[in-house]
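Undergrad: Make one complex out of these two single chains by using the hints.
The chain contents come next:
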Amino acid sequence: MLRFARLQLRDAAAAEDAVQDALLAAMSNAKQFAGRAQLKTWVFSILRNKIVDHIRQQARTTNASALSGADENLDQTFDSLFKSNAHWTPGSRPRDWGDPQAALHQQNFWNVFDVCLNHLPENTARVFMMREFLDFETPEVCQELGITVNNCNVILHRARNALRLCLERGWFAAGETAC
Amino acid sequence: MLNCKEITHLLSEAQDRQLPLSERLPVRLHLVLCQGCRNYGKQLDLLRAATRGYRDATRDEHTK
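Residue numbers (the working numbering), protein chains in the order written: chain S, 1 to 179; chain D, 1001 to 1064.
Keep in mind the hints are simulated off the structure, nothing from the lab. Quick caveat: nothing in here was measured; it's all calculated off a predicted structure. Keep in mind that a hint or two might mislead.
What the hints assert, rightly or not - If you want the ones that stay clear, here's a sample from chain D, every Cβ over 12 Å from chain S, calculated: (1) 1020; (2) 1022; (3) 1026; (4) 1028.
Stated by the list, open to error - Here are the simulated distance ranges between beta carbons: (5) D:1024 <-> S:24: 44 to 50 Å; (6) S:17 <-> D:1019: 38 to 44 Å; (7) S:67 <-> D:1025: 46 to 52 Å; (8) S:57 <-> D:1020: 44 to 50 Å; (9) D:1003 <-> S:143: 38 to 44 Å; (10) D:1019 <-> S:86: 16 to 22 Å; (11) S:16 <-> D:1021: 46 to 52 Å; (12) S:148 <-> D:1020: 28 to 34 Å; (13) D:1024 <-> S:102: 27 to 33 Å; (14) S:140 <-> D:1023: 46 to 52 Å; (15) S:3 <-> D:1048: 39 to 45 Å; (16) D:1045 <-> S:139: 21 to 27 Å.
To be verified - When the alpha-carbon atoms are kept at most 25 Å apart in a straight line, the in silico DMTMM-like pairs for lysine to aspartate or glutamate are as follows: (17) D:1005 <-> S:71; (18) S:83 <-> D:1056; (19) D:1042 <-> S:99; (20) D:1042 <-> S:53; (21) D:1042 <-> S:75; (22) D:1042 <-> S:79; (23) S:31 <-> S:21; (24) S:31 <-> S:11; (25) D:1042 <-> S:168; (26) D:1005 <-> S:168; (27) D:1042 <-> D:1016.
We put the beta carbon where it would ideally sit given N, CA and C, even for glycine.
Just chain D, same shape as in the assembly (with noise of 0.2 Å):
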């Protein structure tokens, strides 16, 4: 079973790469049991929302 420290690495991968089967699964397993890598992965959810965001308003700022 992997630990909450491991599960963060692969949420982080999960935002750059289709984790495969192998990887999926068991990360599934623990979010099921495990409300802090629950939220850890809304809150990356989040970061990534607000960086495009920001890039958005920062691309916009001066060309308008």
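Extracted from the complex, chain S is given alone in its bound form (with noise of 0.2 Å):
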């Protein structure tokens, strides 16, 4: 539960707190719980609630839409694999990385997307998990960051780049010539 939270926050104590929280709230309201669902779903939900609670402070007093230097880079690195027609250039164009599933299965993998996930810049990272780790639909997303639409796109394909020239260059390619 602590790594679920710090992964979301990227704050140690906050996601202490939350967890806390989370779990003294479950246990002072453990007669609602009555098996209705699994306890650990159910202790999950709570815990959301209580990322998102910290998410909704902490947007009041950040800029969640302000572009970050490592962002900026993102960005540059990104525009770096086009030609000027916007067609990739003939080194950058995605390859296929073959049977996803047997990646999936490699506790190596999952270190390199442990780094590649912590290496996102703060502000990306959020948008990123909230839409893939706490579920939350693009709208909610937007609407609890406060920022528009077009920009949580812009975020989510920022980090989804990111995060795919990571994996590509820290396994995918790497594998490649260890063969």
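TA: Shown next as structure tokens:
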């Protein structure tokens, strides 16, 4: 649970608070639980709410659409993959990653994935994690963070490009040279 | 005709919402002709599967 909260909040103290709050809330509302859902699922839905509370508070004081230097670097890297006519340059054309299930079954893949995820710039990571970890629909993410849907789409696109390049370099290309 | 850069944006958005037919058709047409963007789309699918798998693993870690 702590790791889950930490990945989402990127703040160890805030993550501990969220988990503690969630566990306390779960214990004091244990009667409500009454076996309707799996205990784990129920506690996680409480944790999810606590995490969202924290993100909401944060959104009031920070500008979620602000571009950091790291975000700008990612955008430049992405632009450099294309020729002037906006088609892929021969060297950067996305390759066939082969059987995805094969990768997902290897521990090393997850180590690389972990590094890639932690390398995302903070704002970009927050939007991506809300969408993919907390299962928000894009309009909900924008609403919580006070940004436009278009902005949200741009940020998600940036996050996905960064992750695919990171996996390409750290896993798929590395695996090839090793053979 | 859409270029590859535009296609990557639409493929990313297709992960989040159902694209309307007016966008789906040009994307499909482009993908028939462009191996790079086809692979890009498959890579996004793998990314989604990996993120879900990763999420479930971090959930299970301490609750077992």
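Undergrad: Each hint should be assessed against the structure and marked as holding or not.
TA: Checked hints:
no.	hint	verdict
1	1020	holds, 15 Å
2	1022	holds, 17 Å
3	1026	holds, 14 Å
4	1028	holds, 17 Å
5	D:1024 <-> S:24: 44 to 50 Å	holds, 47 Å
6	S:17 <-> D:1019: 38 to 44 Å	holds, 40 Å
7	S:67 <-> D:1025: 46 to 52 Å	violated, 33 Å
8	S:57 <-> D:1020: 44 to 50 Å	violated, 36 Å
9	D:1003 <-> S:143: 38 to 44 Å	violated, 31 Å
10	D:1019 <-> S:86: 16 to 22 Å	holds, 19 Å
11	S:16 <-> D:1021: 46 to 52 Å	holds, 48 Å
12	S:148 <-> D:1020: 28 to 34 Å	violated, 19 Å
13	D:1024 <-> S:102: 27 to 33 Å	holds, 30 Å
14	S:140 <-> D:1023: 46 to 52 Å	violated, 22 Å
15	S:3 <-> D:1048: 39 to 45 Å	violated, 20 Å
16	D:1045 <-> S:139: 21 to 27 Å	holds, 22 Å
17	D:1005 <-> S:71	holds, 18 Å
18	S:83 <-> D:1056	violated, 39 Å
19	D:1042 <-> S:99	holds, 10 Å
20	D:1042 <-> S:53	violated, 34 Å
21	D:1042 <-> S:75	holds, 21 Å
22	D:1042 <-> S:79	holds, 20 Å
23	S:31 <-> S:21	holds, 17 Å
24	S:31 <-> S:11	violated, 31 Å
25	D:1042 <-> S:168	holds, 13 Å
26	D:1005 <-> S:168	holds, 18 Å
27	D:1042 <-> D:1016	holds, 15 Å
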